Structure formats: structure tokens, C-alpha cells
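Top to bottom, those sequences are chains A and B. Numbering (our numbering) for the first sequence: 2 to 150. Numbering (our numbering) for the second sequence: 15 to 372.
The hints are simulated quantities; they were obtained by calculation from the structure and are not laboratory data. Heads up, a few of these hints could be off.
Derived lysine-lysine pairs resembling DSS-like cross-links, with alpha carbons at most 25 angstroms apart [unchecked claim]:
#  : chain 1 : residue 1 : chain 2 : residue 2
1  : B       : LYS349    : B       : LYS332
2  : A       : LYS104    : A       : LYS67
3  : B       : LYS169    : A       : LYS24
4  : A       : LYS149    : A       : LYS99
5  : A       : LYS104    : A       : LYS149
6  : A       : LYS67     : A       : LYS99
7  : A       : LYS24     : B       : LYS332
8  : B       : LYS67     : A       : LYS34
9  : A       : LYS24     : A       : LYS34
10 : A       : LYS24     : A       : LYS67
11 : B       : LYS332    : A       : LYS34
12 : A       : LYS67     : A       : LYS149
Since this is a predicted model, take the numbers as computed values, not measurements.
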Amino acid sequence: MKERRSYLGGLLHGINTLLTGMKVTGREFFTPKVTEQYPENRATLEISPRFRGRLTMPVDAEGNNKCIACGLCQMACPNDTIHITSETILDESTGKKKKVLVKYEYDLGACMFCQLCVNACPHHAIEFSTEFENAVFDRNTLVQTLNKK
Amino acid sequence: MFDFSIVTQWIHSLLTSFLPEEVAVFIECVAIGVCILLGYAIIAIIMIFMERKVCAAFQCRLGPMRVGPWGTIQVFADVFKMLIKEIIAIRHSDKFLYNLAPYIVILASILAFSCLPFSKGMEVLDFNVGIFFLMAASSIGVVGILLAGWSSNNKYSLIGAMRSGAQMISYELSTSLSLLTIIVLTDTMQFSEIVERQADGWFLFKGHIPAFIAFVIYLIAGNAEVNRGPFDLPEAESELTAGYHTEYSGMHFGLFYVAEFVNLFIIAGVAATIFLGGWMPLHIPGLDGFNTIMDYIPGFVWFFGKAFFVVWILMWFKWTFPRLRIDQILTLEWKYLVPIGLLNLLLMVIIVVFDLHF
Chain A
2 MKERRSYLGG
12 LLHGINTLLT
22 GMKVTGREFF
32 TPKVTEQYPE
42 NRATLEISPR
52 FRGRLTMPVD
62 AEGNNKCIAC
72 GLCQMACPND
82 TIHITSETIL
92 DESTGKKKKV
102 LVKYEYDLGA
112 CMFCQLCVNA
122 CPHHAIEFST
132 EFENAVFDRN
142 TLVQTLNKK
Chain B
15 MFDFSIVTQW
25 IHSLLTSFLP
35 EEVAVFIECV
45 AIGVCILLGY
55 AIIAIIMIFM
65 ERKVCAAFQC
75 RLGPMRVGPW
85 GTIQVFADVF
95 KMLIKEIIAI
105 RHSDKFLYNL
115 APYIVILASI
125 LAFSCLPFSK
135 GMEVLDFNVG
145 IFFLMAASSI
155 GVVGILLAGW
165 SSNNKYSLIG
175 AMRSGAQMIS
185 YELSTSLSLL
195 TIIVLTDTMQ
205 FSEIVERQAD
215 GWFLFKGHIP
225 AFIAFVIYLI
235 AGNAEVNRGP
245 FDLPEAESEL
255 TAGYHTEYSG
265 MHFGLFYVAE
275 FVNLFIIAGV
285 AATIFLGGWM
295 PLHIPGLDGF
305 NTIMDYIPGF
315 VWFFGKAFFV
325 VWILMWFKWT
335 FPRLRIDQIL
345 TLEWKYLVPI
355 GLLNLLLMVI
365 IVVFDLHF
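Just chain A, same shape as in the assembly (with noise of 0.2 angstroms):
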């Protein structure tokens, strides 16, 4: 609901929401500028940590990985860009059936960075970098599997 004001009141009103917008731009000026000069400053370059390079599994001190392959990530994607390989064998210490990662195939080709798989994945197991030089020279090479072990 508009609320009706005198002529005084509206102009004055009007000066302060005016005043207000230039105080805004006038501490905008001054601020450090946010461009990034990329090719100059690789070593220095700062991307936003929500930025989504590509898909990686990051692995612990011991080198392993939690994903438990659940395969919800392969049908949380809707390019087909995730393999995965399972197998079940049994665990030693409870006695009981487990599936394991056997392979876990990630085309960054045919990846649209929707994180959806990210979103799907029950223990934060994949992620994405901020990495994005993706350039390469063969296609194939960007089919990657992303468990190291």
C-alpha cells in the first residue's frame, strides 16, 4: 500500500532516498575492484569457492574416499556423466555383505555442473574443485576416474 505524502514530504522524502542510493555508490567507488586479470595473475587468482570447476573426490589422510557406492549421484545426473562399478564382498569384521567402489567414471565432457550429484551424495563424498583450466587436447582424456585406489 502507497502511502500518500504532502509535496514537501515527497520531495524531501525523494532528496533522502537519492542521497541514500549515492551514499551506496559513493562506498562502492572506493571499495578494492573484484575484476581478476587472469592470465597475469594465475599464481594470485582467487575464485569464489562456490564456483564449479569439475567433479572430484577428496580423499582422507589414508588416501580413502566415502563414497559408499550408493549410485545415487549416477542417477541423480541427468547427462549420464557418472559410471560407477560396484562390487559386494563381505567384511571380515561384522561378517555381513558390503558393496565397494570399484570404479567411479566421471565424463567432464558431457558434465553440465548442475551439482546435483553433489546435492544427491548422502556422505559429502564428491564435491566440486574450483579448478577450470579444462582445456585438453584429446576428448578422451576427459572421461576420469575419480577414485585414485
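Chain B: place on chain A using the hints.
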């Protein structure tokens, strides 16, 4: 303070020593014309570079950085590109008016430009109705814009030109009223006289409240008159492609573009001359030591410093406020600026009559 008229007097006496008076005057006129055009081009290049850098800074960017150190050669590259582009003749357009329009715009702009006093004794057109002449000359520009819109045979151009005409003619009123407020205080219209009378304090301080209101009104109306900032709806990119110069290409478009930027500088230069003392250094009455130090800074440094400061303020407006609708523009002018300007003029008359100014 160095008086530039010594140089011009010396050139004149040198030329008349071996040439008849008429020939000498003719040569001087040509030389001054060339100087004005050169200065015009240089100011345009500086203004375009400044616009891009200031706009970038307000948007938290760096602006052009690649061509030359800090992107300084970028504008020259742009100008060169503009010069070698083809001037396309539009079918079914009014060929004569279509080609004439950019020259009318640039003519008005150059006439107004040559009125500015750059330094002591460095005025090209300086006579007793200087401000009147400047207002008259700069309003020729609207004719060029209307012609450009009409002759292009394009509805966007025509709508843009009509909006521009309505806007420029309306805001001419506010600019004149605010300049009139200061003329009441100075009782002269000659630019050199106006600057001389600000030796003991700029008019913004001497005229205090009404001068400040007039300054603000002048900045708003001036910004509207050069079709910039929040008042850029004659060339509103998102709705009218480019307004009145949609159909122009090559250097004809370049002339409109350059005229727009130099008009902005002229508005700023006039504001600096009338309100901020032009080339007159900052003098505080009573502090003689301070005043002599200030006098060592040359006049053109003061003038360009003040003018570019005002340009910066106008760019601040432009990159802060969203574009107004045509009805909002006319409301602002006829319901706010004109009545306030008239009341302000009355206030200034009262202050001058009762000698309440400094």
C-alpha cells in the same frame, strides 16, 4: 597569476608587424579554430576514458586494462575504429537532413565549448552577454537531435528524438533559472567578469543558501539536458535501441557520441565557472599567505580540476539512479525544479537587495 592574454597580444603584434590587420586577424581566427577543434577532440577522448573508468569503479570493476598501460590507448583504438567504419546511407531517409543533423549537434556543442574561460586571458568568445550566448548556442543542439530522429525514417529514432526534444526544452528552463540566480548576484553576464568577481570567494560560498540550491538544480537540469544519467530515456538502450542515433554509423554516430560527452564537460565547465570560480584559485579572505600559495597553481589546473570534479559528480548520478519515465521526467521539471527555481530566484533577489550575501 599568469595572464594568457600576454601571449595572444604578442602573437597579434608579431603578425601585424609584417601583415595587414585583416590578414593577421584572419590567420588568428583560423589558428584559434584549429586549437578549439583540437581541444574539443582531446577533451572528448579524456571524457570517454574517464566515463569508462568511473563507471567501472562504481560497478566494482577495473574497466579497460588491456590496451596500453591501464587501458589508456583503448579510447584511441575506439576512435580509430569509428573513423574507418562505413557511413551507411539509409534507404527512404531524408538524405540531406540525415547527413546534416550530426553537424548541427556538433556545431552547437563547439560554439558552447568556445565560451568557456580556461584560464586568465584564455577565453575565445568573451563578451558582455556571454551566458546568454552560451544558452542560445547550446540549445541549437536540440534541432540537430530532432532532425536526426525525423530524417532517419525509423520509429525508434523518432520517439527518441521527440522525448529528447520535450526533455531538453523543459530542462533548459531550469538551467536558465539557476544561472539567472547567480546573474542576480553578479549583475554581469560576461564570463571573464564573473570569474574576476569570485576572487574573494566562490559564488557557491558567497551566495550561500540560494547559490547552493541553484547549484543542485543546475546539476540536475544540466544532466538532463545532455541526455545522460537517470534522464537518458531519449536513447534508452533497452526500449529504443539507441534513440535518435539508431540509424547512424561510422563517424556520424561518432559525432553524436563525442558531442554528448563534450556537452557533459561543457555543463560541468559552466558549473565550475559560475559556481566554483572557474580558473580562480581558492581564496579565503584574510589568509594572505594561503592565497598567494594558491595563486602559484596555474589557472587552467584549477579550471580543469573543478570541471572534472563536477563531471565526476554527474557520473556518480548517472551510475547510481535508475532511468526515469517520460512522465516522471516532466513531473520533476514542471512540478519541482521550476517552482523551486523561481522561489530560489526570489530568495536570491531578497538577499541581494538586503545585502545579506558575503
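Hint check:
For the hint pairing B:LYS349 with B:LYS332, the CA-to-CA distance comes to about 22 angstroms; that is within 25 angstroms, so the pair holds. With a CA separation close to 13 angstroms, the supplied pair A:LYS104 and A:LYS67 stays within the 25 angstroms bound. Under the criterion of a C-alpha separation no larger than 25 angstroms, the hint pairing B:LYS169 with A:LYS24 is inconsistent with the structure, at around 38 angstroms. Restraint check for A:LYS149 and A:LYS99: the C-alpha separation of about 20 angstroms stays at or below 25 angstroms, so the hint holds.
Our distance criterion of 25 angstroms between C-alpha atoms is met by A:LYS104 and A:LYS149, whose separation comes to about 9 angstroms. In summary, the hint linking A:LYS67 to A:LYS99 is supported, as the alpha carbons are separated by about 14 angstroms, within the 25 angstroms threshold. Straight-line distance between C-alpha atoms of A:LYS24 and B:LYS332 comes to about 14 angstroms, which keeps the hinted pair within the 25 angstroms bound. For the hint linking B:LYS67 to A:LYS34, the alpha-carbon distance of about 12 angstroms falls within 25 angstroms, and the restraint holds.
The straight-line distance between the Cα atoms of A:LYS24 and A:LYS34 is roughly 17 angstroms, inside the 25 angstroms bound, and the hint therefore holds. For the given pair, A:LYS24 sits about 49 angstroms from A:LYS67 by alpha-carbon distance, which is inconsistent with the 25 angstroms threshold. For the hint pairing B:LYS332 with A:LYS34, the CA-to-CA distance comes to about 19 angstroms; that is within 25 angstroms, so the pair holds. Between A:LYS67 and A:LYS149 the alpha-carbon distance is near 12 angstroms, which keeps this suggested pair within the 25 angstroms criterion.
Violated hints, in rising order: 3 and 10; the structure is consistent with all others.
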